[in-house]
Amino acid sequence: MKKVQPNHLQELISSFAGKDVYIHLETTNGSYAAHFNEGFFNAGAFIRNVVVNFELGKVAGESPHRIGLKLPAGWIYAQGITHYKLDEQGKLLMAGLDPEGKLSVALQISETPFD
Amino acid sequence: MIKKERHVLVILPHPDDEAFGISGSISMYREMGVPVTYACLTLGEMGRNLGNPPFATRETLPQIRKAELIKACEALGLDDLRMMGFRDKTIEFEDDEKMVQLVTDLIKETNPSLIISFYPGLAVHPDHDASGRAVVRAVRRIEPEKRPTLYTIAFANNTKDVLGEPDIIHDISDTFDKKLAALKAHASQTVWMMKDLEEKLAAGDPEMNSRFRYERFYTYNWENDFE
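For the protein sequence lines, the chains are A and B, in the order given.
Under the numbering used here, the first residue of the first sequence carries the number 1, and numbering increases by one thereafter.
Under the numbering used here, the first residue of the second sequence carries the number 1, and numbering increases by one thereafter.
Source of the hints: derived by calculation from the structure; they are not laboratory data.
Each hint should be verified, as a subset may be incorrect.
[Stated by the list, open to error] Pairs of lysine to any residue residues, derived as SDA-like cross-links and limited to a Cα-Cα distance of at most 20 Å, are as follows:
| no. | chain 1 | residue 1 | chain 2 | residue 2 |
| --- | --- | --- | --- | --- |
| 1 | A | Lys70 | A | Gln10 |
| 2 | A | Lys85 | B | Asn49 |
| 3 | A | Lys85 | B | Phe55 |
| 4 | A | Lys85 | B | Gln63 |
| 5 | A | Lys102 | B | Thr60 |
| 6 | B | Lys71 | B | Phe20 |
| 7 | B | Lys160 | A | Tyr22 |
| 8 | B | Lys160 | A | His35 |
| 9 | A | Lys2 | A | Lys70 |
| 10 | A | Lys3 | B | Arg48 |
| 11 | A | Lys2 | B | Asn52 |
| 12 | B | Lys98 | B | Glu74 |
| 13 | A | Lys102 | B | Met83 |
| 14 | A | Lys102 | B | Arg211 |
| 15 | B | Lys160 | A | Thr27 |
| 16 | A | Lys2 | B | Thr60 |
| 17 | A | Lys3 | A | His35 |
| 18 | A | Lys2 | B | Phe55 |
| 19 | A | Lys85 | B | Thr60 |
| 20 | A | Lys2 | B | Arg48 |
| 21 | B | Lys71 | B | Met194 |
| 22 | A | Lys2 | B | Pro53 |
| 23 | B | Lys184 | B | Arg211 |
| 24 | A | Lys102 | B | Val191 |
| 25 | A | Lys2 | B | Asn49 |
| 26 | A | Lys3 | B | Arg211 |
| 27 | A | Lys70 | A | Ser110 |
| 28 | A | Lys102 | B | Phe55 |
| 29 | A | Lys102 | B | Gly51 |
| 30 | A | Lys85 | A | Gln10 |
| 31 | B | Lys195 | A | Gly39 |
| 32 | A | Lys102 | B | Lys71 |
| 33 | A | Lys102 | B | Thr190 |
| 34 | B | Lys160 | A | Lys70 |
| 35 | A | Lys70 | A | Tyr22 |
| 36 | A | Lys85 | B | Glu59 |
| 37 | A | Lys102 | B | Met193 |
Please build the complete structure, drawing on both the sequences and the hints.
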């Protein structure tokens, strides 16, 4: 994965608009957050291989970026995206990596299911 | 001293759980000629450490961790590794009975004299707790006189309040190099800490030596069942 180039990422996201696509969306503090820091309120969410068809997708803000997908009757967004890659299978992988290299957020879009 | 066993069955959810918790003991069992079966439930797919700059993606991490797991087992002389195909962070959401059955099947097949897993509720990660729950429930169904011994790993911050001190402490000095090799094999999870760890160990740091040269277990006490 490379650091986000907003214009290139925008092109890639737009290429998935109007198609049935599989989504991976994840936010995490890690399962040990409240172990190492007692009292930490550990929250996160995870969806994988949910199919949507978004009409408009946008890259917003300076790095770390926000990515929003407008659905016919709803929304998906992710905040904190720093890196991206179109992998060998044509899956668009976006991640927010903190300065230590730990994933905090991921948004991935693919025309075929994730393994 | 480490007690000789007929067969040891290890059930843990993540590649690297074995390296941190019990790799010295696994090596000692293997050196004694004791067969060890390790059922690793997931491939640690949800590991957070991808590096910055990144060395992996969410989608390539599982294959990297699978290769690391195989390498770690080789370092320990462990030749019966089972990768069970579950997904990281989902064990507690699987059907409970299905998980118990999976453990029951492994017990029936391997006929272990000792099982090693996590202590349910005192193992910090939800997958650890869920693995331990399934193991305890499966073993509980066996008639008391036929039950294998169950060693559990507990490291929640309140462990000593609940269970007191561990009753089984393995001095793993003799296989410490293999433990280090297993930790190093899980590079995606440990590379950031190995240099610091080795320096502290070489300098005789008491906390690190106590933590890594001894492996501690609580023999599961059926008189004080977790549920």
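Report task. For the pair supplied as a hint, Lys184 of chain B and Arg211 of chain B, confirm whether the alpha-carbon distance does not exceed 20 Å. Result -> 16 Å, holds
Query raised in the report: Keeping to a limit of 20 Å between CA atoms, is the pair of Lys70 of chain A and Gln10 of chain A held or broken?
Result: 14 Å, holds
Query raised in the report: Is the Cα-Cα distance between Lys102 of chain A and Gly51 of chain B 20 Å or less?
Result: Since the Cα atoms of Lys102 of chain A and Gly51 of chain B sit roughly 6 Å apart, the hinted pair holds (cutoff 20 Å).
Query raised in the report: Taking only the CA atoms, is the gap from Lys102 of chain A to Phe55 of chain B under or equal to 20 Å?
Result: 11 Å, holds
**Report entry** Distance restraint between Lys2 of chain A and Lys70 of chain A, which requires alpha-carbon spacing of 20 Å or less
**Finding:** Given that 20 Å is the threshold and the Cα spacing comes to 25 Å, the pair is violated.
Query raised in the report: Keeping to a limit of 20 Å between CA atoms, is the pair of Lys3 of chain A and Arg211 of chain B held or broken?
Result: Violated, at about 38 Å.
Requested in this report: For the pair we were handed, Lys70 of chain A and Tyr22 of chain A, check the Cα-Cα distance against 20 Å.
Outcome: 15 Å, holds
**Report entry** Pair hint outcome, Lys3 of chain A versus His35 of chain A [Cα-Cα no greater than 20 Å]
**Finding:** 31 Å, violated
Report task. Decide if the proposed pair is consistent with the structure: Lys102 of chain A and Thr60 of chain B, CA atoms, cutoff 20 Å inclusive. Result -> 15 Å, holds
Report task. Decide if the proposed pair is consistent with the structure: Lys85 of chain A and Thr60 of chain B, CA atoms, cutoff 20 Å inclusive. Result -> Roughly 12 Å between the alpha carbons, so the hint for Lys85 of chain A and Thr60 of chain B holds.
Query raised in the report: Is the Cα-Cα distance between Lys85 of chain A and Phe55 of chain B 20 Å or less?
Result: Status holds; Cα separation ~12 Å.
Query raised in the report: Do the alpha carbons of Lys85 of chain A and Gln63 of chain B lie within 20 Å of each other, as the hint requires?
Result: 18 Å, holds
The structure does not agree with the numbered hints 7, 9, 12, 13, 14, 15, 17, 26, 31, 32 and 34 stated previously, though it agrees with the rest.
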